[in-house]
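K.L.:
Residue 1149 is where the sequence shown ends in the UniProt record's numbering, and the numbering goes up by one at each step.
There may be inaccurate statements among the hints.
Said to hold, decoys possible - DEER-style ranges, computed between Cβ atoms: (1) Thr262 / Asp8: 46 to 52 angstroms; (2) Gly1096 / Glu1069: 33 to 39 angstroms; (3) Tyr897 / Ile363: 40 to 46 angstroms; (4) Gly706 / Asn326: 53 to 59 angstroms; (5) Ala556 / Leu1142: 42 to 48 angstroms.
If you're looking for bench data, these hints aren't it; they were derived computationally from the structure. Here a beta-carbon is modelled for each residue, glycine too, at the ideal position from N, C-alpha and C.
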Amino acid sequence: MSIAANPDGSYDIQTEGLDPWIGSRDLDAIYDPGVVFVLEFEYICVTGLDDLQIFYKTANTGFSPARRALLGPLPASSEFRKYAVEMDVQAPVWDAVYNKFRFDFGRLPGRSITVRNIVLRSLTPEEQAARLPKETVAIELNAGSTSGGLTASVLADGSYRLDTEGNDPWVGSVPVSDSYDPEVSYIIEFEYKTDFAYNQLEVFYGPVNPARRFDAPGFEPSFEWTSYAINTRLFTDGFAENDWRSFRFDFGKQEGDDGAKTVFVRNIRIRKPTEEEKQIELSSDKIRSRELNQALLDFVGNTFENAIDSVSVDSDSVRIEGVVPNNGGDLKLVEVPVESSFYDGGLFDVVATIEPGDSMFDISLPRFVAAEDRYLDRIYSRWAIASGDPEEGLTIVSDPFWASDVSAAAQWNLEEEKAISLKGMDGLTSATFGNFGDLTELGSHSMKINVLLNGVLSLAPTDLVHEFNGKEYYMKRGSVENLDRSVRACYESDQTVGFVLLVPLGIGDEELREVLVHPDASLGLYSMANMATEDGVEHYAAIIDFLAQRYLRPDAANGRVAYWIVHNEVNAHSSWTHAGLKPAALYTDIYQKSMRMVYYTARKYDPTAKVFATFTNDWNEKPGNGKESEFLSTEILAFLNLFSDRQGDFEWGIAWHSYPVGLANPKVWNDATAKTPLSFEAPVISPRNLEVIDAYVRQESVLYNGKKVRTVILSENGMSSNTDKNPNANETTQAAGVAYFWKKANRRLPAIETIHYHRWVDSPSEGGLSFGLWTTGDSGPQSFGEKKEAWYVWKAAGTEDEDTVFDPYLDLIGIEDWSEVHFDMPTEVTPYQVDFKLSGCPTDLDRVWVRFNGERKRPQPDGSLVFFNVASHIEQPYEIEVNGVVVHSDSLAIDSYRSLEFDLQAPYGLVVEGTGIGTNELFWVDASDFEDGYVVETLGDSGEFEVLAVLPADTEEFVHEGVEPGREYSYRVAPTAGGLVACRSEIAGAVASFIVAESGNDDRGRFSLTNNRIRTKFVLTNFADFDIPLEELSLRYWFSPEGAIIDSMKSFGLARRISSEKILTSVVELDADREGSSHYLEIGFGECVGIVPANGGSSPEIYTKVLNLSGRSLDERNDYSWRPSSTLELNANLGVYWNGVLVWGYEPL
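With these hints in hand, go ahead and build the complete structure from the sequences.
P.N.:
Shown next as structure tokens:
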């Protein structure tokens, strides 16, 4: 820029370059900036200037974009023309004595301008009068102030033609010269016509600042001039703070794929609302939501003496327990459905009266209740204590309480599933499935899959029908089968799967949209699930039930889902999970409803299912650089913790999106310390300060049920390689960022379980952010081109090649060792794994429950249980109960991995013997510490075990009298405590005696203790009511041959009316000596040798002989089965077998 001073005090200025400017001399005068704020000069400029900006500074500061007035084009003038700027309005801040100014005369070279009489002064009387507020003020657009994606033209009739393309086209305004009162005039209105639809209008007010903007709904095509009005009060509170003079309008968001568009705009103005608009405002979602939010805050600010302590749900019932210290007799238990609110006089039903005078209550109700066309499942209900007369209105006098224990409602006993490593991906779709093998080559161990709920549910009949609570719902087979293929492939390749549940805002089917989309949602791409209507809640639950039942089967026929991410980035709700203009507390209450619906539904099948709340990388600042309408992650989590503490906890975790601070800049190690400090006050949690999110969930105040560390998954994280978007980005810096990220998290931050890298392949719809490990191919937006450098980094992560591949990036990051990126942040607890191994309860494992780690779980069939994320440094009590009997309890101090074994003390060694006709005798060994006694159960005719006897403590035998001869009986025995049955023994059984054996010594007067033979006679008697063929029977006579070898012994048998060759005898040597025996004589019968008649009939006398051919003596006195008398008598030391089953006698031990 060149400048020449003229004799008349004016200056001739010639612009050069693209940023011509000139500074003023310092002002020496002291002035009051509240009075002196009009900067005025006169000028001649034949061509006019495309832009004028004025910077200003104090003596102690430099020029800064934070202190400049953006004034737009300077009109052409061939004569001196006055130009005045009211800096208190048109500059972002005017609050000090500014002593130096800088004038930026356009952005083009070769322009001539002459200026004179530059002064800083107070208002003239005329200007003061002009500043009186007007009810309607015009807004002019600045055609020279646009983004690269918008070209603005001023047409002859004063309207504007705006040609837009790309993802963020915008145009600024000329500063508004007229004053207005934003408390009176706050409607922004214009007319438009266009052939195209715009999905959103974003409006900035005042100097451009992310904190002063709001998103308004888009508009549809219109071929005629159509009015578009925005009530700013419904979108922002900041508009009322000032009579803002500059504006920016962003036409459409992320519409780059839609191509070029044109919209015509005219008559842009700020005006008063009409009476109709005022009424709409008063009944609007925002005003109504503010009232509800205040009612909610007032309610949770109460401290109630009455409380519901627990709500437990099993397959058939709901049990509600609570305390009412001062029960005056008018207290009721009420049920609050999901779609109702408890804090605004919402609907609820009285289900029971709490007995007057009782200070505690325990009420059980049926779980399912009939509705008009289905059953209502009370697993989803909230419960509260109310006082008053139902006819006159009830008052809630306790916190509402959701189901707190649904473990007994789980249909299947699935183990908690964990990924093998942190390494995971996202981006598996039907379009990318063909490259599935690449995931296994990368070594991915987890996959995040987006599920569009409108792609699953059909309101029209289909051939895929799901029954839920007695009603049929229809699902879209094609979408479901695509999902099957992906989930099954992941399961078969050891990749855990997480579903992201999404409800698109723009569902084309209006009827389906009404069911699924929250009725107040209007902004962004996705909606909160419809928690506002009974129909919405019903269908949402039905979809989740279908998915849970399909992907949580024990046989994993369709694969398995390990966790459920509910919606997307709720702190940036106006873009990703909209539910209307809700304040944070009310929004979080709606969100917890959606999360709990998923949680309770999934836990009906998987007792370890977890749900995740999802967030951007913005922690203690609002997304979009502080966009007013968004939420802090910390405030949503604070309310989520509060509601969990006051209304019953459920196992939610955090799905964090740990992008760099600048999405386009992969040099995440350079993220500003001010943005990413190691502090819970950090504005952002990026990979640089990833320790913060791990430390957050390791606070005692955040633990699930005060015991278990909540899980963190990094569910969306990527580094861009697009140099055009950021000069720091290229494939090498992307790869270095990925390596840095892995080294920050892997095996260091124990609460973090998974990193889902985003994306698998570049996407052209992400605004130039090239996060992919692959470039995009030529055959479509999800096709695969070439592997990037980061692909090889991610493949090496967690393998033996990790250091070889990663270490070359140390220099780029500016470190010598990876330990230099590991920061220390204090934590309160550390999560550990604790394994339980239960034994000594062979028949009742399905009735064993272990309470530990804030959980209640059943063991697996082998008696094992695994508890993950057990918090250290706090008391961790456990209870092991069987059928309600606590068999073990204690408290653990956890500071490392633990493996614990427990004997559940079931009786063992149960033996049943038929000791005589009509009696069975039971023997067992006492293993328990209980003193109450024992219960003996027998299998009844119904197929169920029935109590046979209750016995005193220390009993180890029982005689069952009156048994039917020949009937098979099954028994089990268990100790009792407090009237409850503990672990039962294994089942033992016997056929009740119906064959008895008598024996006698048959030495026939030649008896000697030292002869070399054993002679015995037998008779079998049958007390059953059926004949028994002898060929089905066998006998065993146990003896000890005093060292004789088996080859030297010979056996014989004979009986009247039976041919001797039909009596089959043999001597069998035992594997080990038993009581009084090392051998036995086996006596059997050939075919068709006769019967033992029924009802007391006997066999012929049977005579046997065992002969020791070596001549050595066989001393019978110590033989187990020997009887000295020659007279036949009952001998229980003989074994009689019917078809191989012992039906008489006792075998030697």
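K.L.:
All hints, please: hold or fail.
P.N.:
Okay, the hints, checked on the actual structure:
1. For the hinted restraint 46 to 52 angstroms between Thr262 and Asp8, the CB-CB distance of approximately 48 angstroms keeps it satisfied.
2. Range check, Gly1096 to Glu1069: Cβ separation about 36 angstroms, and the 33 to 39 angstroms hint holds.
3. For Tyr897 paired with Ile363, a C-beta distance near 42 angstroms keeps the hint of 40 to 46 angstroms intact.
4. In this structure, Gly706 and Asn326 break the distance hint of 53 to 59 angstroms, their C-beta atoms being roughly 27 angstroms apart.
5. Evaluation of the 42 to 48 angstroms hint for Ala556 and Leu1142 yields a pass: the beta carbon distance comes to about 43 angstroms.
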